[in-house]
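J.: So the protein sequences, as listed, match chains R and S.
In case it helps, the numbering used here puts the first sequence at residues 1 to 114.
In case it helps, the numbering used here puts the second sequence at residues 1001 to 1115.
Fair warning: there could be bad hints in the mix.
To be verified - Sample of chain R residues at the chain S side, in silico, Cβ under 7 Å:
1) Asn30
2) Tyr33
3) Ile49
4) Arg50
5) Leu84
6) Ile95
7) Phe104
8) Gln106
9) Gly107
Read the hints as simulated data drawn from the structure, not as lab findings.
Quick caveat, the model's predicted, so the values are computed rather than measured.
All C-beta atoms, glycine included, are put in the ideal place defined by N, C-alpha and C.
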Amino acid sequence: AQTVTQSQPEMSVQEAETVTLSCTYDTSENNYYLFWYKQPPSRQMILVIRQEAYKQQNATENRFSVNFQKAAKSFSLKISDSQLGDTAMYFCAFIASNTGKLIFGQGTTLQVKP
Amino acid sequence: DAMVIQNPRYQVTQFGKPVTLSCSQTLNHNVMYWYQQKSSQAPKLLFHYYDKDFNNEADTPDNFQSRRPNTSFCFLDIRSPGLGDAAMYLCATSRDSVLGGQPQHFGDGTRLSIL
């Protein structure tokens, strides 16, 4: 079975500081994709960052970057220079190439404090 | 801007009274999904359409059905809502199959309350 685990239900960070959200996954597949989605309170879920498993280079999108450790099946999200607008629930998600089904982790609620 | 639009944002219905939620997209994506999301939980896939082909998740209750009359629109019908069906319902699209890792684009969701 393919699973995604986010072990931090809630986190907080001071504005302008850096925070890392953890995600691990379990799969026997070799070809898959990983995502971080952000869901602000009462607002739309949006894609933050995407990583292809066959790429060793960690994906980066402005202040957001990942630490992808394929052997350890770990996919953490680092948010640098945290902003108040980063307050949201963050979901780690996984797609195996042979299933097409997006599997979400339980989510981490991040609070950025002024 | 191209987008995924869900109407209404909030829907209240009575126990057992059929309700329909709608989703439209201007992205011209082939695949449309319906998710159920309960408070502080991950979204749960109910079903999806690849073009006109309907794909139901094994654990989706029979009470939930869907229609996709054309590329742009998709509807979620709940035939006899129970109190346990109160949730946020998310519509999402992807350009083609998610095989190949194409991201899904989500609407704002419809929050359904059952009286």
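J.: Evaluate each hint against the coordinates.
T.: Now the hints, each set against the structure:
1. Asn30: 14 Å, violated
2. Tyr33: 3 Å, holds
3. Ile49: 10 Å, violated
4. Arg50: With a closest approach of 6 Å, the Arg50 of chain R hint holds.
5. Leu84: 21 Å, violated
6. Ile95: Given a least distance of 5 Å, the restraint on Ile95 of chain R holds.
7. Phe104: Given a least distance of 4 Å, the restraint on Phe104 of chain R holds.
8. Gln106: 6 Å, holds
9. Gly107: Holds, about 6 Å.
Violated hints, in rising order: 1, 3 and 5; the structure is consistent with all others.
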